[in-house]
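Chains as they are written, first to last, in the working numbering: chain A, 1 to 289; chain B, 1 to 359.
These are calculated hints, taken from the structure and not from any lab test. Incorrect hints may appear among the rest.
Stated by the list, open to error - Just some of the chain A residues that point at chain B, by a computed CB distance under 10 Å:
hint : residue
1    : R88
2    : V98
3    : L99
4    : V173
5    : L176
6    : I226
Computed from a predicted model, the values in this text were never measured in an experiment. Each residue gets a CB set at the ideal place from its N, CA and C atoms; glycine is no exception.
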Amino acid sequence: MWGQILVNGMIAGGKYAMLALGFSLIFGVARIMNLTHTAYYMLSAYLIYYFNQTLSMPLALSYILSITMVIVIGMAVYKVMVAPVRERFTAVLIITLVLAMVVQEAVLIIFGGHYRTLPKLVSGTTQFSGMTLTYQHLFTLGAVIFVLGAIWLLLFKSRLGIAIRAMAMDREVANLMGMPESQIASITVAISVGLAAIAGAVVAPLFIVEPAMWMHPLVVVMAAVILGGLGSIKGSIIGAFILAFAEVGLVFLLPQLAFLRGAVSMAVMLAVLMIRPEGLFGIFMEGER
Amino acid sequence: MMQFIAYLTRKLSRDFHGEIISLPTRTILVTAFLALLLLPLFNSNTYILRILTLTCIFSIYAASWDLLGGFAGQISFGHALFFGVAAYTSALLNLRLGLPVLVTIPIGALAAVLSGLVLGLPGLRLKGPYFSLASLAFPIIMMGIVFTFPQLTGGELGISGITRLAATRVREYYLSLMMMLTLVLVMWKIVTSKTGLIFHAIREDEITVRASGINTSLYKMLAFIISGLFAGIAGGMYAHFMRVVGPSTLELIMSLQIIVFVIFGGIATIYGPVVGVFILYPLMEYLRVVPEYRMLIFGLLVVLVLRVMPEGISTFVQDLLEGECPRCKERNAFTRSACRICGTDLDSHTHLNFLKRGA
Chain A
1 MWGQILVNGM IAGGKYAMLA LGFSLIFGVA RIMNLTHTAY YMLSAYLIYY
51 FNQTLSMPLA LSYILSITMV IVIGMAVYKV MVAPVRERFT AVLIITLVLA
101 MVVQEAVLII FGGHYRTLPK LVSGTTQFSG MTLTYQHLFT LGAVIFVLGA
151 IWLLLFKSRL GIAIRAMAMD REVANLMGMP ESQIASITVA ISVGLAAIAG
201 AVVAPLFIVE PAMWMHPLVV VMAAVILGGL GSIKGSIIGA FILAFAEVGL
251 VFLLPQLAFL RGAVSMAVML AVLMIRPEGL FGIFMEGER
Chain B
1 MMQFIAYLTR KLSRDFHGEI ISLPTRTILV TAFLALLLLP LFNSNTYILR
51 ILTLTCIFSI YAASWDLLGG FAGQISFGHA LFFGVAAYTS ALLNLRLGLP
101 VLVTIPIGAL AAVLSGLVLG LPGLRLKGPY FSLASLAFPI IMMGIVFTFP
151 QLTGGELGIS GITRLAATRV REYYLSLMMM LTLVLVMWKI VTSKTGLIFH
201 AIREDEITVR ASGINTSLYK MLAFIISGLF AGIAGGMYAH FMRVVGPSTL
251 ELIMSLQIIV FVIFGGIATI YGPVVGVFIL YPLMEYLRVV PEYRMLIFGL
301 LVVLVLRVMP EGISTFVQDL LEGECPRCKE RNAFTRSACR ICGTDLDSHT
351 HLNFLKRGA
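The shape of chain A in the complex, shown without the other chains (with noise of 0.2 Å):
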């Protein structure tokens, strides 16, 4: 039981990290709140599906195109529909908000509304201390950790990661100092769709995908930024996984309660926030007004 927490509750926290981290740091260096996050996870999702199912491309193949293609579509969006009206915050909002819901119905049309499954990447089980373990358990688990390790490395030890890093925390400080402020915004974006579309690509063979998939984590992780606080790294990692431990744990435990896992993780961030209204690790931006 509590070993079947542990597994599951890291591999929800692993998923809601990767597209925490990445909805965190697109708001940390270009202030942009993108609810279209979520959407890029389930659209690669799909094409993993597409290329697999309907063209019949070898796995492997399938989870690399779907990855790159994500990550150009990710960057077209960006450049075309949200760059333009940057500096308006509602703008954003509503702009990245209905492309969520375009994607959304793009999936309806093309796939129809059924519940699809992935074929899994690895087959087989394992036993480990009295507990079945699929190896697309393990291997999920291997992917989201080695992930966030090499993000951790890029944002910490690479020139790149100091001035994404130096941009989230004084944008005109960081212009100052000759990092080129529209450019890193770029990359950045290109980042945080990359680990969209890879938290759908190494989670989707253990859900269901289904075309309204976006919604609940994009609650979740906009929920866990919140918690972690706006703009920190560190933070936004740890609140992702309060809160997929929070939602597993109801799910295992009371399952005849599971219905209320939304309401208990929200539930769970505002206690958090009643008490330190900045998040776990956020700071203050007074300056910024």
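Using the hints, position chain B against chain A.
Just chain B, lined up with the frame of chain A:
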């Protein structure tokens, strides 16, 4: 007595000439309203009346979001809380206690005001995007409560069998049209009063307002209460018009859709959201002729329009048809060469405006 009537007619006609005919956008609004008033005489298609009634109800709801989000700056992603709480309250009072419409809608609105106080509590502590994202939580928690007591709330299926808003479709239409006009005018009066000015100031710079000796917490709470009241009235009317209230009134899309309407119409104007709803809601219904592509066309249209006019459609049209007099800040039709109030020469400025837009 006769003198008084003569005075009234004179004043009315003077106001009509001075304040309405002289400004193209106001003329458009008044014409559109008259058309809506006369519509049932020419067309008694109940389907069209039904759509327009819902449009009126959503206009009240959208304007109430604008009061809170546009004026007081508390951009809320959880506005459906007010709508849903009021709808459920009115429906339950009507069904379980048999109270008439005239009682249930005000009590439902009061319940929405109470929920506004609850939503206001984090609003006092959290700022900007923190509040926007935290407000997401409330309708979701409320939905959890609804699902926890299925005997009372009907759970997934909701509550049905509620009394009608009025006896016939046409009466329901006129009732909601007049309610829309009255409530939107009241909201407009509120935001153009001193209180509205303070709301504006709080959105622009809260610290400065507090430094000027104004209790910002009180005014923010007031914004939540007023907005909750109007959204609650809309929610109660929706319950009695649809005659079924389900969890869909609390869904995320209910909160977000209204923000689309408001920003499309023009934020922080009160009449903008009404224009937005009157354009988008019937359009969304009309697009049912191509059911599969409905949301796709709708979405692309909204995105393209916002891309061209990020301030919203009503502000865009207003800036196109009217210019502001540089001296007395009164609005003038673009055809005028001199300000209608102070007579300042306008031509050079309007030309400049057009040039800027073209660039």
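Hints, one by one, checked against the model:
no.	hint	result
1	R88	holds, 5 Å
2	V98	holds, 5 Å
3	L99	holds, 6 Å
4	V173	violated, 20 Å
5	L176	violated, 24 Å
6	I226	holds, 4 Å
Checked against the numbered hints above, the structure violates hints 4 and 5; every other hint is satisfied.
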